[in-house]
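Throw the hints in and build the complete structure from the sequences for me.
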Amino acid sequence: MNFDTRGLKIMVVENDRTVLEIIQLRLEVAGFHSAMARTGRSAIEALANFRPAALVIEMNLPDMSGLDVLEALNSSVDRCAVPTLIMAKQLGQGDLKLAISLGARDCIAKPFSGADILTRVSRLLGKSAPIQGRSVVHV
Amino acid sequence: MNAHAPVTQELNTNVSTTFDVLAWEIELAGARCIFLDTLIGELMPTVPPEKRERLIQGMHAVDLLAQHLTSLSAFSRRLSEVVPAESGVEVSKALADITLGDLADRMRTAFGGEEEAVDDRAEAGDLDLF
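Residue numbers (the numbering used here), protein chains in the order written: chain A, 1 to 139; chain B, 1001 to 1130.
The set of hints was computed from the structure by calculation and includes no laboratory data. No residue lacks a Cβ here, since even glycine has one placed at the ideal position from N, Cα and C. Watch out, some of these pointers could steer you wrong.
Not everything, but these chain B residues come out facing chain A in the computed CB check (under 8 Å) [said to hold, decoys possible]:
#1 1020
#2 1031
#3 1074
#4 1101
In structure tokens form, the structure reads like this:
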């Protein structure tokens, strides 16, 4: 592991259960703690009570767009800049600009691999990517 | 979890989406293997030295399986990008052959079918905090 990820909490907002579990497992193996939400509303509620080290959010959520979530978070007085990675299958130039103006720092296009998302989260935190898979073998 | 998914109605999609859905599911299987590999590694110090060689063999097998799956996922993902968008396929009968209910439900949802709440975590709006 190139840096200490222990205790770093990552909030992931994604409706697709498969994608959500991939990200959760990859983050856990890398030593992160993760919080998962499947809707924008539940994400906003959760983010009212804690501040994650980073936010990973899908733009196309069932109840609202990821942009709506970022907008709601920005209107909160408690909102400090949480490094945010947005995920999208397709994202127009206008939406990308808006996302950046709302605090997004990076965008990952779907589909991606588990390794890709870990690299991008690490980069979001200003670190190099943790080593994939097994980290230490004690013999 | 092991309920055979019933064929309720035709579910038409395109081949690109089919490869895409497959890629995600294979990627998830790979992520689970990597998780398992890590767990085994964490348990290694608790295993008597004379048993460790066997455990290392197991770790190696799981590691190979993870690489196998992530490679297949990449292959399927790439195919999803290059197959003609107009190629259609009916997937309901193939889905019925998947014996893991949760897997079949996730795939059915990804193909545009309705999500069935297999367990509590499948509820829309589910929030899992630490």
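Comparing the hints with the structure gives:
1. Interface hint status for residue 1020 of chain B: upheld, as the beta-carbon distance to the closest one in chain A is roughly 6 Å, under 8 Å.
2. A hinted interface residue such as residue 1031 of chain B counts as satisfied when its beta carbon comes closer than 8 Å to some beta carbon of chain A; here the least separation is about 4 Å, so the hint holds.
3. For residue 1074 of chain B, the shortest C-beta to C-beta distance to chain A is roughly 6 Å, which falls under 8 Å, so the interface hint holds.
4. Because the smallest distance between the Cβ of residue 1101 of chain B and any Cβ of chain A comes to about 13 Å, over 8 Å, the interface hint for this residue is violated.
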